[in-house]
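**Student:** So the sequence lines, in the order shown, correspond to chains A and C.
Per our numbering, the very first residue in the first sequence carries number 953; after that it's consecutive.
Per our numbering, the very first residue in the second sequence carries number 11; after that it's consecutive.
To be clear, the hints were calculated from the coordinates, so they are not data collected in a lab.
Honestly, I wouldn't trust all of these hints.
[Unchecked claim] With a straight-line Cα cutoff of 30 Å, these simulated DSSO-like cross-link-like pairs (lysine-lysine) come out:
#, chain 1, residue 1, chain 2, residue 2
1, C, Lys119, C, Lys163
2, C, Lys13, A, Lys1039
3, A, Lys1061, C, Lys66
4, C, Lys14, A, Lys1142
5, C, Lys13, C, Lys28
6, C, Lys119, C, Lys168
7, A, Lys984, C, Lys168
8, A, Lys1134, A, Lys984
9, A, Lys1039, C, Lys168
10, A, Lys1134, C, Lys119
11, C, Lys66, C, Lys19
12, A, Lys1099, A, Lys1142
13, A, Lys1039, A, Lys1134
14, A, Lys984, A, Lys1061
15, A, Lys1061, C, Lys168
16, C, Lys119, C, Lys28
17, A, Lys1142, C, Lys119
18, C, Lys14, A, Lys984
19, C, Lys14, C, Lys66
20, C, Lys14, A, Lys1061
21, A, Lys1039, A, Lys1142
22, A, Lys1061, C, Lys163
23, C, Lys13, A, Lys984
24, C, Lys66, C, Lys119
25, C, Lys163, A, Lys1142
26, C, Lys13, A, Lys1061
27, C, Lys28, C, Lys168
28, A, Lys1142, A, Lys1061
29, C, Lys66, A, Lys1142
30, C, Lys28, C, Lys66
31, A, Lys1142, A, Lys1129
32, A, Lys1039, A, Lys1061
33, A, Lys1099, A, Lys984
34, A, Lys984, C, Lys163
35, A, Lys1039, A, Lys1099
[What the hints assert, rightly or not] Reference excerpt, derived from the structure (chain A facing chain C, CB under 7 Å, subset only):
#, residue
36, Ile961
37, Arg1069
38, Leu1085
Predicted, not measured: the structure shown is a model, and the values here were computed from it.
All C-beta atoms, glycine included, are put in the ideal place defined by N, C-alpha and C.
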Amino acid sequence: MSFDDVQSIWDSQQTPDGPMDRDGVLLSIVEKDRSLSRISTITDIVGTGTLLFVAAMFLRDPVLQGHDPVLIIPGIACLGAAGFVWKWRIDRRRRQLSFDDSLMGLINKSVDGLDDRIAHMNRFLWWFACPNLLGLVIALFIVDESKRYLLYTIFIPAFCACIGLAYWQIQREIRLKLQPEKERLEDLRKQLAREE
Amino acid sequence: MNKKQQDQKLSDWLQRHKGLLLRVTRSFAATSHDRDDLLQEVVLQVWRSIPRYTSKVAESTWIYRVALYTAVSWTRKESKHNDVRNEFTGEPVADAPAADPRVDWLYEKIAELDPIDRSLALLMLDGLSYREISDTLGLSENNVGVRLNRIRKQLTAKLDREGRHEL
């Protein structure tokens, strides 16, 4: 037997006659695409909104009542962080995988994309933590003695818990999803690049 | 390109390249459920790729590129949960085309190859030239030639060894 026999078996197959429900397929993919983009939009809006809210809290006293002007610094830092989150979103949309490349090119792009995403996720935490930490440190110096206990009992523990949980979640996401995915792609790239 | 044109283009491609998509999904997914899942993923990626499509590349090459990338990535994610070797010994596929045992047998043998060789085998059996395969996968033509020779020998040997009894 020769390879022509294998080829003739392949050529003998017929495209299934059953109609492909094109409208159904189209509807389902558009829905899937929308639901994916809805999730990332909501996440970005919540992240940006939280930072804007915190910025407003920091800026309220110095801007509206004219006291504690030092709080303008963490307020501006929060606004900067909100801008960073939104810029990250724009960059991510620009970076979406383009298919005008070979399989090898696509794999390389995916690996780069994953590296970039891991770096961004690690940086993201600092962008959240630093402005808030700055605000808390300043608050330690300027808070009324009568309200100092609120810092120690509510704000500092809440900040530590939020940042700790965010750090844990980000590292978990990297360890369980992104890193294995990157290793799989690198393995695939090795397989593809292997010269016979 | 607006969404309506994009949808129209996809509809047109699905009509003309349905066979290609089904062959790719059949080679990479074992069960009917998995095939539906993979087909949906492939079609989603094809739809997303439409705005970037230029006529410099043949439509079928473009669709192959997107479909293979999606299928290879999908297989590697899925293989964490399913042993690939058992893929084709699982439940019978409900929507398999009119049963031709020889074609089923060939798909089983293709499924035993690693995802890259599987892609090469598909492209070769569908009659793409070395040049087109090399462009699609990003390998040198020489590498494509060497690998395809090995795959041809493997498939022929399997047909020789098993085909006589099974088919």
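**Student:** Each hint should be assessed against the structure and marked as holding or not.
**Tutor:** Right, here's what the structure says about each hint:
no. : hint                  : result
1   : C:Lys119 / C:Lys163   : 12 Å, holds
2   : C:Lys13 / A:Lys1039   : 25 Å, holds
3   : A:Lys1061 / C:Lys66   : 21 Å, holds
4   : C:Lys14 / A:Lys1142   : 40 Å, violated
5   : C:Lys13 / C:Lys28     : 21 Å, holds
6   : C:Lys119 / C:Lys168   : 8 Å, holds
7   : A:Lys984 / C:Lys168   : 41 Å, violated
8   : A:Lys1134 / A:Lys984  : 24 Å, holds
9   : A:Lys1039 / C:Lys168  : 55 Å, violated
10  : A:Lys1134 / C:Lys119  : 28 Å, holds
11  : C:Lys66 / C:Lys19     : 17 Å, holds
12  : A:Lys1099 / A:Lys1142 : 61 Å, violated
13  : A:Lys1039 / A:Lys1134 : 24 Å, holds
14  : A:Lys984 / A:Lys1061  : 23 Å, holds
15  : A:Lys1061 / C:Lys168  : 36 Å, violated
16  : C:Lys119 / C:Lys28    : 22 Å, holds
17  : A:Lys1142 / C:Lys119  : 23 Å, holds
18  : C:Lys14 / A:Lys984    : 17 Å, holds
19  : C:Lys14 / C:Lys66     : 23 Å, holds
20  : C:Lys14 / A:Lys1061   : 29 Å, holds
21  : A:Lys1039 / A:Lys1142 : 34 Å, violated
22  : A:Lys1061 / C:Lys163  : 33 Å, violated
23  : C:Lys13 / A:Lys984    : 15 Å, holds
24  : C:Lys66 / C:Lys119    : 34 Å, violated
25  : C:Lys163 / A:Lys1142  : 23 Å, holds
26  : C:Lys13 / A:Lys1061   : 26 Å, holds
27  : C:Lys28 / C:Lys168    : 29 Å, holds
28  : A:Lys1142 / A:Lys1061 : 15 Å, holds
29  : C:Lys66 / A:Lys1142   : 29 Å, holds
30  : C:Lys28 / C:Lys66     : 22 Å, holds
31  : A:Lys1142 / A:Lys1129 : 20 Å, holds
32  : A:Lys1039 / A:Lys1061 : 20 Å, holds
33  : A:Lys1099 / A:Lys984  : 50 Å, violated
34  : A:Lys984 / C:Lys163   : 42 Å, violated
35  : A:Lys1039 / A:Lys1099 : 37 Å, violated
36  : Ile961                : 5 Å, holds
37  : Arg1069               : 15 Å, violated
38  : Leu1085               : 38 Å, violated
The structure does not agree with the numbered hints 4, 7, 9, 12, 15, 21, 22, 24, 33, 34, 35, 37 and 38 stated previously, though it agrees with the rest.
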